[in-house]
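Q: Starting from the known structure of chain A, fit chains B and C onto it as the hints suggest.
Protein chains in written order, with the numbering used here: chain A, 1 to 245; chain B, 1 to 322; chain C, 1 to 910.
Calculated from the structure, these hints are not laboratory results. Please note: incorrect hints may appear among the correct ones.
Here are the simulated distance ranges between beta carbons [as the list claims (entries may be wrong)]:
1. B/211 x C/781: 30 to 38 Å
2. A/239 x C/842: 32 to 40 Å
3. C/634 x A/107: 38 to 46 Å
4. C/442 x A/190: 33 to 41 Å
5. C/442 x B/20: 55 to 63 Å
6. B/20 x A/190: 38 to 46 Å
7. A/107 x C/591: 56 to 64 Å
8. C/442 x A/142: 29 to 37 Å
9. B/211 x C/487: 36 to 44 Å
10. A/148 x B/127: 37 to 45 Å
11. A/51 x B/188: 25 to 33 Å
12. C/780 x A/153: 56 to 64 Å
Facing chain B, from chain C, some residues (calculated, C-beta under 8 Å) [claimed, not checked]:
13. 366
14. 412
15. 622
16. 682
Values in this document were obtained by computation on a predicted structure and should not be read as measured data. All C-beta atoms, glycine included, are put in the ideal place defined by N, C-alpha and C.
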Amino acid sequence: MNHASSTRRFTTTLLATFLVLGSTGCVDTGVEPVELPVLAAGVSAEPFEARDGWVVTLERADLAFGPLYLCTAANAGDLCETAQAEMLDGVVLDLLDPEPHEVGRLVGLGGVVRSVMHDYGVTWELTGMAPESHVDDASMQGRSFVVEGVAERGEERVRFQGAIAVTPIRAGSLVVRRTLSAGEVTDLEGAQALTLSVDPRAWLGGVRFEELGADGNIEEGSQAWRAIVAGMTAQSRPGIAWSRD
Amino acid sequence: MKKWSILLALGLGCGDDASTGDVTFLIQAEDTITEGLAAGDGDENITDGWSVSFDRYAVAIGEIQLGFATDATRSASADDIYVVDLASLPPSGLSLWTVEGLRTGRWEVSYVTAHAGEGTRHESVPEAAFQRMVDEECTYLIEGTMQKADGRSCPPSALATPPEGVTADEEGCYPATSVAFSFCVDAETVFGPCQAEDGPSGVAVTEGGSSASLTIHGDHLFFNGFPEGEEGGVVRLAQWLADADLNLDGTVTRAELESIEPSDLAELDDRYDLSSPFEDLPLTDMWTYVRAQLKTQGHFQGEGECPFDGIEHAHDDHDHEG
Amino acid sequence: MRAPLCAFCCSFALAMTASVAYAQPSTPPSSTPPSAPTPPRLLRGEPIEVDEARAPVAVLVTIDERGAVTAAELVASTGDTTLDARVLEVVRRFVFAPAEREGRPIAARITVQVELVARARSDAGAPSDAGASDAGAPSGAGASDAGVPSDAGAAESSATNEREANASNDANANASNDANASNDPNTNAASPNAGNAHTAAPLSDEPELDAQDEGFGAEAQVEAAALRAHDRGASDLTIARDVLEAAPMSEGADVLRRAPGVYVARAEGEAVGHRIFLRGFDAEHGQDVELRVAGVPLNLPSHLHGQGYLDLGFLIPEVVDSLRVIEGVSDPRQGDFAVAGTVELELGVRRRGLTSRSSLGSFGGFRQLVLWAPEEQRDGSFAAFQLRRTDGFGQNRNALSGSAIVQQVFGDGAWRHRVFLLGYGSRARMAGFVRRDDVMAGTLGFYDAYPYPTAQSQNALAMRGVLAYEATHRQSDGGNAQVGLWLGRDVFRLQANYTGFVERSRTNPDWVGRGDLVEQQNRTTSIGAHARWRSRVYEPASFLHATVETGLSARFDGIDQAQRLVQSPQNTTWDERVDATIQGADVGVYVDADLAITDYVSLRGGVRADVLVYEIDDRLGNFIPDFREDAYLLGYRRSAFGVAASPRASIEIKPTRAIAILGAYGEGFRSPQARTLEDGETAPFTKVRSADAGVRVRFDEAFEARLVGYWTRLSDDVAFEPAEGRLERVGATRRAGGVLHVVTRPFDWLVGALSVTFVDAELLEPPPPSAEDPRPAFTKGQNLPYVPPWVVRADVGAQHVLSPSIGSNGLGRHPRRGRVGAGLTYLSPRPLPYAVEADPFTLLDVSAGLGWGPVELSLDVFNLFDARYAAVELSYASNWDPEGTRSRVPARHFAAGAPRTFFGTLEVHF
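Chain A extracted, bound-state conformation (with noise of 0.2 Å):
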């Protein structure tokens, strides 16, 4: 009987011993999810000077936008199979409103992000046959941006309007994906919102409106469309703008 009274007492001591140990005991998983706000900012409605000497006052400038990617990765494609945060959802941008608005929340993980992808609301899924629009506005007609306005040079003055529909030229590629540069790289663990920043000024600011047709649609494959593409995905992409603590 001796040996199981000390049985017991030798157990019960251990036992509260593993159980303040346990309390102690917490779980360091390396990185804290994230969510955040995403919020777009446009530009004013203010008349820009375009090239050749054309003045361009916009009247209508929606961007569908998504999905957004954000990577680790140097290199953003193929290099981020898995990311780092993302906004599945796609939105439609109000490029004429210069304040920042909620368009949206990024979801991830905590961690520094290098590089960035996404659409323009025309994606093509690794299981989609073809491009399909992302976003749920008819009067973005399955395009990505739609724009309207008025080009003046002296006399001439051109009414343009277009419907530019960015594209991926394979499955499971975006339209964008780019380093991000210094000002952008940030670590996701702190930051309290995602500013985008889209100037569509630039977008039209290579387009040759002398070459637009007297109805001034911008036509599929025209210079025009193809500068704004251009300018949508190599030379004034979407800004990033972190907020933080």
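A: Quick look at chains B and C alone, frame taken from chain A:
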């Protein structure tokens, strides 16, 4: 000696921790540089009928950084930069760098393409060519010729300055069966960390010595966009370069490319994906396009990938080996 | 409760005398051993009732160091073969406190005189013998005395000291097995201590019992494989059979759960290897746990699905005789994959005869076991066949498997032989991993599989065959030698989709979105051998005794492996990822010394060196992308070589008989997946350094507790990469923690075991960024993913005679037996990659059985509280919504653990 070292290791029970080895790095040129690119319908061909050959493909390359894979405090480097003409390299490549006394195991690798002025001329590069690269602060000096039997050059009408008496056809194009190019390009880039195709990252240093190759691809100028990762889905097209011969003198120059905006080239249609990875290098003109493309050409062990302007090894408090 | 208990204790009478033989031919017969051993003492038995009282019957019983009966043989027949068999059956269930030398348990053999009492006496004697119930108390006081009639016949025993067993020629073995033995068992019978086990310790007569025979009895040979000290530090422990059997087992691999800090799960399906967690290691499918069954190493090197792959589906729990677990590295015999530790399973069947167990259960579960253990054979000899089928819980989990294990132990005199044969085959459909957010959103049921063909087609097949032979020889100088040879063939095929629809064909990059159904195929043919020689006992000084062992192990593996992407349901291949043949060799040598310095300190240890050689034919190496012109031929052949040298040492300090202070340090290794090696690369062994220290308190068999602190460091570790369905390298890791393990037998009918394991597992170096894996999922200093910081396991088992015999004919002449058992497993929250934690869970399994003569009915309930839990949980990016926008952020995925499952079993023993 090796036998004794193994026996000693066994006797002391210290395993293989202390062994060291050397690693030699070669520079190798992709076959597209030495053999050129052929026209054809295959995925490996230029599909719009042009063939390309390179007379010179000089690059300033080196400054190899090594970091031990599982110990960030260990690093080594081979800092030399050489200016080498890849077009004249033998298929076996050229051994230019050796790092000695590295701990055996796997090391991460990164390297740079730099300004020629920072490097040493290799004998494959003529003095004059080297001097041009130094003077113009170039990373690459690429000279070559494109050929197509029924080739045409279709420069943007707003920019074209054809010789007097030469008229375009109804599509605005001019006969051009051969177009030469000579580019001295500033394309400083950090490549790394590098990873062999479908293999582990970096290079395995062994006691007997090991080697690895830095491989420069030669065809990115003719890609239909900016490759990343596996470069799958890439199509090779060369017409855009023929169209950049604005003065139709048979040679495309830097000045011509600088005067062309991407939207000026009808050739850059929806077959192209112009999303350059370089945010600080907006593609405002086609010269920038060339620079951006060349900044993606560094590879490793043939088809192995190296992120460009990648993650440099940061070893603040480290043991520098080799 | 006391009445039956008393009847239980009174129903047999036993007398035994322990006389321990210390045969040390190398030393003069008069040499005195370091200290005298204490004999085994009976703790628990079953009544033997006969219609009419008969003369006691002598049974030669071999008792292992855990106090279990490993062999029983009648010295003389009762003249009634049925009764003979019954006596042997009952005696095999006896539990003893083992013999001890210097406070350390040792194997022994004794002759017990079992009295056959009249049934009437049993009934009548119950109340009056109340005091005898103490016989079974943990104190062990009077255990033997209680049952020993005053006229108990002569008892005899011999003990086999583990450390010196090679020198302990067993007098009693001669009595039963060796006609040429020089020792007369009657010498023992004439022992003045006869009739009192407690005072029967070999005193003055011991030297006279030093056996001079050159053989060592057949039973002694049973222990020959373990003729050395088992205690290699605080984390070397053997799980007794009663603990193994206490709680129900749904399959053979469940025996591992009885070891501290171990959790095993069938996460992927019946035909895929278990995922094993051991003391802070997520050993995946066996990469960190070396497992040997019947001396055969079963981990498969360079397996495509995971390094050191193990599938324990073949294991039949009823034939597992003992489970030894070395957590950490401390024994020079530990080889490849002994990173977290080593598990050794010895097989044997103590209940002789023909047994049939038929089980029916939930989800269409069915199990049939046929177990034949011929009476005339040793416990190690048996043949077992198991058939299992199930429709599976939830969706897509039906499975069928068959397993056959045959082991034959034979030999006379100095030789003992063992032949081991294993055959196993299984095929199962798999539900696979599902996203937790889909389940939370109601898109998918907890136990469902995704509805797409690429998910519904998930399945696995496993086949394994092993043939092994082992011979042990007792040398005339007291040394012993062993040689073994084994052949193995393993076939594995898996179709699993972890990530949904995110893969792109490398062969043709335009082929996308066809479902990431990864097909893996791995075929391994192995041949292996081992040999070892252990010296006689040297005594360079009066206070020092030493033995030395040298050993060799070698294995050669030929491995064919392939990995593809397959489109379901047509099973067309849309990408090739791996196509390789690997030839590998692992040759290990070791030296092991065992020093006993006075009665208080033991030092054990040595050094092991392994040479690994690989030749790899990687037929898809130097892959040429579709858009590149062929400049060379596809393929990459290479070879690699490496040496791992590993010192190991342990120390045991015993200030008192009950308390031992134990410490150990060792270095071990894990071989690399050969395909990851470059040409000429020094095989980058994962080097593990392991240390532990602790205290063990042992009061006979009644109570044993260990409190152990441990520390391990790995030079580099690996983690599961779901996209490719394989392991990828991460950085160096460190684990530190503690283990509490308690086994108690407060009553002879009750056994309980508890283990609590804590670990702080940390990643010391982050994996380097790479082009393909640019953002490693792990950061420096974080806790290791998948590793549960806390693992608790509790087992309780009770068995008792419920009522005595109620007649003399038919079933009525048998007492009715009852047993209950329960096993509890708790896993704390586990960190997962990418900032998430897996939920904790608690599982309770219970069992109850009623036996009557040759028949037993039992009911097992697994997961009694029907806890919904994730058997394994992972975190990675996937896309299981082919119509939606692809998410690239890692999400939690899990493979559901089994819900509450009932199993009813009918057992008939002939």
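Q: Checking against the hints above, which ones are violated?
A: Numbers 2, 10, 13 and 14, in rising order.
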